[in-house]
Amino acid sequence: MAPRKNRAGNAARLGLMALPVAFFALFFAWPVAAIVTRGLRTDGTWHFGRIADVVTQPDLRHVLWFTTWQALASTGLTLLLALPAAYAVARLDFPGRQLLRAVVTVPFVLPTVVAGSAFLALVGHHGLLDQLWGVRLDTTVWAILLAHVFFNYAVVVRTVGGLWAQLDPRQEEAARMLGASPLTAWRKVTLPALAPAVAAAALMVFLFTFTSFGVVQILGGPTFSTLEVEIYRQTSEVFDLSTAAVLTLVQFAAVGAILAVHAWTVRRRETALRLVDPGTTARRPRGAGQWALLAGVLVTVALLLVLPLAVLVRRSLDAPGLGYYRALADTDGGTFLVAPVHAVWTSLEYAVAATAIAVVVGGLAAAALARRDAGRLVRGFDALLMLPLGVSAVTVGFGFLIALDKPPLDLRQSWILVPLAQALVGAPFVVRTMLPVLRAVDVRLREAAAVLGASPWRVWREVDLPLVRRALLVAAGFAFAVSLGEFGATVFIARPDNPTLPVAVARLLSRPGDLNYGQAMALSTILMVVCAVALLVLERLRTDRTGEF
Amino acid sequence: MLLSLDAATVRFGGRAVLDAVGLDVAEHEVVCVLGPSGSGKSTLLRAVAGLQPLAGGRVLLDGRDQAGVPAHRRGVGLMFQDHQLFPQRDVGANVAFGLRMHGVAKGERDAEVGRLLELVGLPGAARRAVASLSGGEQQRVALARALAPRPRLLMLDEPLGQLDRSLRERLVVELRELFGRLGTTVLAVTHDQGEAFALADRVVVMRDGRIAQSGTPLDVWQRPADAFVARFLGFENLVPATVAGTAADSPWGKLPVPDGSAQGERTVLVRPAGVRLVPADQGLPCTVTARTFKGTHVALRLQPADGPRLEAACALRDAPDPGTPVGVAFDVTETLVLD
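Chains A and B supply the protein sequences, listed in that same order. Taking this note's numbering, the leading residue of the first sequence gets 1, the next gets one more, and so forth. Taking this note's numbering, the leading residue of the second sequence gets 1001, the next gets one more, and so forth.
I should point out that these hints are in silico values taken from the structure, not numbers from a laboratory. Please read all numbers here as calculations on a predicted model, not as lab measurements. C-beta: ideal position from N, C-alpha, C; glycine also. Be careful, since some hints might not be right.
Cβ-to-Cβ under 8 Å is the rule here; a few derived chain A residues that face chain B [what the hints assert, rightly or not]:
id, residue
1, L145
2, A454
3, R458
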């Protein structure tokens, strides 16, 4: 009897896993394998000796070292600056709280090249700080670190804050009654409960900064270069595919190792938590400490997140009579086959499709991984799911072109190619956001539903879904945002007559002249507004919890 | 038999939590499984519900083997110890959940929810939030929710465990009356003997994953099967003794035992009411060490000069102060030789 029950569990798990596995095999493993093969195999023989040749070069070892330490420093700095904001958003009730949550998310979805330019305009030569106080940071690593914080602030605030808002404050009160000081209660009760979310957020930040491309490309100058920048340079400037393939493998291995360790540590700490309605846990700030914290958070957000964006908007308005914006509707510029403004609709369509794919694929994977009887094999898949985040987007995009161009799977002419690539990067977000919450659902609630006659599918729909709907919306928001801002892969596969917003911006930036630069700024501003509106809609959805929908 | 367990075994790691348990529950019967925590009571319910796979043996419902039948198709109800009401649904939606799962139409559902809430004494509570309910109200909602799909067998895990005493005593009577009226077949587990005796047609005492005794409440109370059951029921006056005819030789001296008692080396039980106080110079000399007021009587703790402590029950006005020397005589009608 026991084996039969286990077989049923296995069958259910395999059913859930089938689609995600097929998706990642077809659209991730195959393209990456194709490009590695292309780089290391010529005339029917493998040239593995190339690996040793490449990794022993001092230049590349320096790149690897810089990539690692700047990622660590960026992660630490982001946690330091963003954890207070996560607390404020989760636990303090103040006017503009929803707005703050949306504002911190906007940088995350901006194309990296645009953010890089915005920071250059803020801290670079003739930048705002240079004009005011003669301060320049663009020759130091600080520009890169600050830009990384700018991008990843939202990862920490949303991932950690989302869970924090649902932790029962009475747990801390119980610890206080047992003699713990406020700090001890936080350290012993809340922090361990938050640890999985903090770890997940830190991992994401580390991955993004480890594979950082646009920011380092613009702010790093000749001094600082990450692996991803080096891969891009080897692929599209030096045309040395075999070096690029080796670097891809190195990045792959490094990211794989980090993810394996992470999966191991997180699994040991995730436990069933008491989750409550997030609407009930926030209170108005009390005491000087909480007000000071809130003020500190707001000042940080204003200086680090809003100011660069304000500089960006200011630059888009430099031409009289909104000239840069009006130029976007023209096809005369010659940069594109269609008016640049067309990219807005293209991007939205792609992002909606990519979000749908990412939510289905990632949601199924998370549901399979969250099962308590998940075996070693399934748990290993948990780490594998994160790999698309760590593998160079440039490689994935280029791999799509190489691998998916012949029957039976010729997608070169299909519009779905771009959403597929974007969903690949979005799905891991969905998994990471959903998994901690799914694992925290009390298993006995599911059992209660089962003995009342709910089939496993209905248990998921009736018990899990209402409890994780919030997390699902957060995940969808992330996937949507990532899809909108995705650049590295899209730049290879978007068709010339259908560029996405980031691709259009990059193309405008690559051309000389004030008009092109101004149009790039204007288009970036539009992208920013689109994201802000989408996120505000999402925030509204999130708070509307009492109604059935 | 509605429910039959045939050598049902559940193991956690290497340990048998249910050890070849055999149990039958007839239709309309109310059976209470009684035992200390860790005796396997809850696991028994989970095995019947299909939430806990068996390592061996069978669970039969209406004579049909339930191996491979998932929990949602077994048609049994389970009320969880801490209720497990769905926090995101209101009271009405919680009660209606099982009806929805069974495809009952909305109009019919609403009528049934209203009827059930009335039945459990919460009329008009359908729109209330679960979080706003008191413990007793949650218990009633959980009961209504479990009853709603009309399960052929209703299982209750510590149904009144978290409630205060007066509420518990009232609810136990209400439940008993309700089950009688509805003709529900019930399998409940509890660690509270008072609850079990008040609720059950039949009581099953469990120990370490095995059934120690099964019988009507009166049977079990009057004739505990062994020293474990006797101690679990709260009897403390148990001594090893050598029984010969109608007398037992024990550390408390010679005890009179009923005619036809088992002979030889046995455990002898004397109920507190069978420990009579006599003047200090007669019977077994003891000292009163403690006195506990029990409402209808006073429980006395007595220390004999030699041998284990004794518990005695005596009338309020006759209770001596602690420290008083007394004599003890034993009443044969309250004495029992355990098999």
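Hints versus structure:
Because the beta carbon of L145/A sits about 42 Å from the nearest beta carbon in chain B, more than 8 Å, this interface hint is broken. Interface hint status for A454/A: upheld, as the beta-carbon distance to the closest one in chain B is roughly 5 Å, under 8 Å. Interface hint at R458/A: satisfied, since its Cβ lies 6 Å from the closest Cβ of chain B, which is below the 8 Å cut-off.
Of the hints listed earlier, the one the structure fails to meet is number 1.
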